[in-house]
Amino acid sequence: MNVAPLGLAAAPLAAGVPAQRVPVSAGQLLTASRLAWENGGRLIGLWGSDERDRHRGFCIRVALEDRDGLTVLEHTLPDANAHYPDLTSIFPAADRMQRATYDLLGIAAESDDQRPWLWMASWPIDQFPLRRDFVPSPVWEPGQEEYDFVKVEGDGVHEIPVGPVHAGIIEPGHFRFQIVGEKVLRLEERLGYAHKGIEKRFETLPILDAGRLAGRVSGDSTVAYAWAYAQAVECLARAVPPPRASWLRALCLERERLANHLGDLGAIGNDGGLAFGLAQFSRLREDVLRENAAAFGHRLLMDVVVPGGVARDLAWEHVHRMHDEADRIGREIVALRDIYDEHAGLQDRFRNCGRIAPELAARLGLVGLAGRASGRAHDLRCDFPCAPYDVLSVRIASETEGDVWARVAVRFDEVLETLRLIAVITAALLDPATSGDSCVTLGTIPPDRLATGYIEGWRGPVLVALESAADGMIRRCHPQDPSWCNWPAIEHAIIGNIVPDFPLINKSFNLSYSGHDL
Amino acid sequence: MYQTLRRIVRIGIKTEDAPAPATEDVVVARLQERILRTLGRALTIRHVDAGSCNACELEAQALSNPYYNLEGLGIRHVASPRHADALMVTGPVSKHMAIALKRTYDAMPDPKLVIAVGECACTGGIFANSYATLGPLSNVLPIDVAIPGCPPSPTALLQGILAAITNPARPLHADPRSPVD
Chain A
1277 MNVAPLGLAA
1287 APLAAGVPAQ
1297 RVPVSAGQLL
1307 TASRLAWENG
1317 GRLIGLWGSD
1327 ERDRHRGFCI
1337 RVALEDRDGL
1347 TVLEHTLPDA
1357 NAHYPDLTSI
1367 FPAADRMQRA
1377 TYDLLGIAAE
1387 SDDQRPWLWM
1397 ASWPIDQFPL
1407 RRDFVPSPVW
1417 EPGQEEYDFV
1427 KVEGDGVHEI
1437 PVGPVHAGII
1447 EPGHFRFQIV
1457 GEKVLRLEER
1467 LGYAHKGIEK
1477 RFETLPILDA
1487 GRLAGRVSGD
1497 STVAYAWAYA
1507 QAVECLARAV
1517 PPPRASWLRA
1527 LCLERERLAN
1537 HLGDLGAIGN
1547 DGGLAFGLAQ
1557 FSRLREDVLR
1567 ENAAAFGHRL
1577 LMDVVVPGGV
1587 ARDLAWEHVH
1597 RMHDEADRIG
1607 REIVALRDIY
1617 DEHAGLQDRF
1627 RNCGRIAPEL
1637 AARLGLVGLA
1647 GRASGRAHDL
1657 RCDFPCAPYD
1667 VLSVRIASET
1677 EGDVWARVAV
1687 RFDEVLETLR
1697 LIAVITAALL
1707 DPATSGDSCV
1717 TLGTIPPDRL
1727 ATGYIEGWRG
1737 PVLVALESAA
1747 DGMIRRCHPQ
1757 DPSWCNWPAI
1767 EHAIIGNIVP
1777 DFPLINKSFN
1787 LSYSGHDL
Chain B
530 MYQTLRRIVR
540 IGIKTEDAPA
550 PATEDVVVAR
560 LQERILRTLG
570 RALTIRHVDA
580 GSCNACELEA
590 QALSNPYYNL
600 EGLGIRHVAS
610 PRHADALMVT
620 GPVSKHMAIA
630 LKRTYDAMPD
640 PKLVIAVGEC
650 ACTGGIFANS
660 YATLGPLSNV
670 LPIDVAIPGC
680 PPSPTALLQG
690 ILAAITNPAR
700 PLHADPRSPV
710 D
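So the protein sequences, as listed, match chains A and B.
For the first sequence, the working numbering gives the first residue as 1277, with consecutive numbering after it.
For the second sequence, the working numbering gives the first residue as 530, with consecutive numbering after it.
A couple of the hints might just be wrong.
[As the list claims (entries may be wrong)] Partial chain A-side listing against chain B, Cβ under 10 Å, derived:
no., residue
1, Q1420
2, G1468
3, I1474
4, S1494
5, G1495
6, T1720
7, Y1789
The set of hints was computed from the structure by calculation and includes no laboratory data.
The structure presented is a predicted model; accordingly, all values stated were derived computationally and were not measured.
Where a beta carbon is used, it is the ideal one built from N, C-alpha and C, also for glycine.
My request is simple: use the sequences and hints to build the entire structure.
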C-alpha cells in the first residue's frame, strides 16, 4: 500500500514477504486503515506492547495485507489512559483483537464493546499480564465471570449454551444459541478457554529456543507456525536458510496441509452422516502421519522446522516413498471425491448449509481456506511466494458458493494440488542441485529489531511478529492465527440454519481455538 | 451407493491384528488382545481439553481410525460425563478451563479413572510456568495414569488406557520402550 498520499513515511520491515512499517497518529491510523480497505486490503492482526520501559508508553500495531504486501501501522499511546481509534467499522475482526489487547495490556480502543475477550476472572480485572511490571500471584484462584451475551427477545425464543466441554474430542469454546424450534436466530461465541499466556511465556525464552513454543501455539499448524517464527528469526539475524532447507520446509508444510485436509474431509463427511468418509479419510491421514514419523521422527512434524533451516535432513529412500505415496493417495482421493459428489444424502447436507456469500466474506475480511471458498482468492504461496514456492507455481483453489460444499470443494482441490507439489518437491530433493546443508547456524541477534514471518498455513496465513531484546532474548512475540479473522464469520454462517447443522458448519471451517486463545 | 460399497469392499478391513513383524503394528495388536482379555465390559471415556494446543486431540481422534479401531475394542467416547468410566484430560489445565474440568470430574459416577494425556497434562509442559495455567493435571485432580508425549502416539495412548484398567490403584507411566514420538 502506498501511504505517501496520506503524508506518511514508510520504513522497510524485515519480513518473509514485502513489508513496511508506518508510524501513525490516531487520525492517521483511521485514514490509513480506510485507504487499505478501499484498495482491497484486509486486517491480519492487531496487538499491543508495553513500551513504558523505553519511555514510549504503549504501542499498538495493526498488520494489514494487500496486493503489495504487509503494512504494519504503529501507533504510540502516551499512557494507559489514552485510547486509540476503533477500527471495527472498517475491519469487523478488529473488535475481538481490540478487546483482547485491553485484557492483556490495559489499553482500550474508543469502542462501544468493552466486554472482556481473553479475560475470564482468572486474574484481577485491573491486572494486565503483558505489562512488563505484571507479577502473578498464587492466591489468584480461577473465578467465574458473568459474560453479557446478547439475548434475543420474543415468543418461543430459547437459549442453548454449548461448551466449553464439547461432545466430541475437540477444543474448548462456548457457543450461545438463540433459537426458535430448531432454527438458529443468533449465535454468539465465547472463546479464551485455552488461554495459556503464550505471549508472556515467549518473553522468558531465548530467541533461538522459542521455535518449540511457536510450534505449539496450534498443534495442527505446527509447521506453519515454526516456519513463520523461523522466518522472523532469520530476518532478525539477516540470515538466509540454505536452499535444501527451503525445499524440506515446503515438503513439511505441504504434508501438514495434506494431513489436515484429509482429516477434515473425513470429519466433515462424518458430520454430514457419512461415516464411510471418516473411515476412509482417517485411514489415509494415518498413512501420511506414519510416513512423517518414519521420515522425520514426528507424526505431526513438530520441531522439524527450526530457525536456520530444518532440524534433520531426509534420507533419499523416504523421499522416494513420499513421491510414490503422493501418486497412490491422489488416485484414492479422486475416487473418494466422486463418491462424495455423487452421494445425494451428503450433498443435501452440504449444499446451501452455512453459507457466507462473497460480499459478506469481503465485508468480514475472511482469510485463508474459508475465504477462498467464498470468493476471496488469496494464498501467500501464490501472492507472495517465498522460496521454494517462487518456482512451484501453486494453483489457487477457490469457489464462490461459500457453503459447506464450497469449503469441502476447496479442500479437495487443495489436497490434489498439494499432492502435485509433494511430487515436484520430492523430485527436486532427489536432484543433486538441491543437495547440501539443511541448516545454517545463526549468529547473535542484536536487540531492538522487529521482524515478521508470514506463512500460508493450511487454514490461512499465519503471522509471527518478533522483537529482539538484549542477550538474545525475546522482547515481544505476537503470533496471529488466521482464526481471529474467521471465527466471527461462523456467527453469520449459522443464521437460518438448524442447530444440528452447527457441528457440520463448525467443522467445515475447523478454526483453531488454541491458536486463537494464546 | 454402488461406488461406496465397491470402495469398502476394495479397501477391505484395515484394523490391525496380531501377529506381525516387530514394527509399531505389533505393539498395537498385542494391546488389542490384552484389552479384550482384561475388559469384562466396555470402557467409556470422556475427554476434556484443558487448554491443549490441539496436537493431543489429533492423536486421540486417531484412535477411532480403522487402524486402531478403538470402538472395535469395546472402548467408546461418550458425550456425557454421567456415562463415563474414565476422564481423559489433555493440556496444562488453563485456569479458564479449571471449573469446567472439575465439574466434569464431579459429574462422573464412581468408580472413575483419570488419565493425563500428553506432556502438558503430565508436567505442565512448555506452558508450565504461566499466570494462565495451573500446571500438571495432578495439581487439580487425582490421576491414575500419566501418558507422556508431545503428543503421545495413538499406540502410546492405547498402552496408557490399558494400564489404567489393569492397575488403577497407583499412578503408572506408559511403556517408555514404546515408539512414542
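- prompt: Against which earlier hints does the structure fall short, listed by number upward?
  reply: Of the numbered hints given earlier, the structure breaks just one, which is hint 6.
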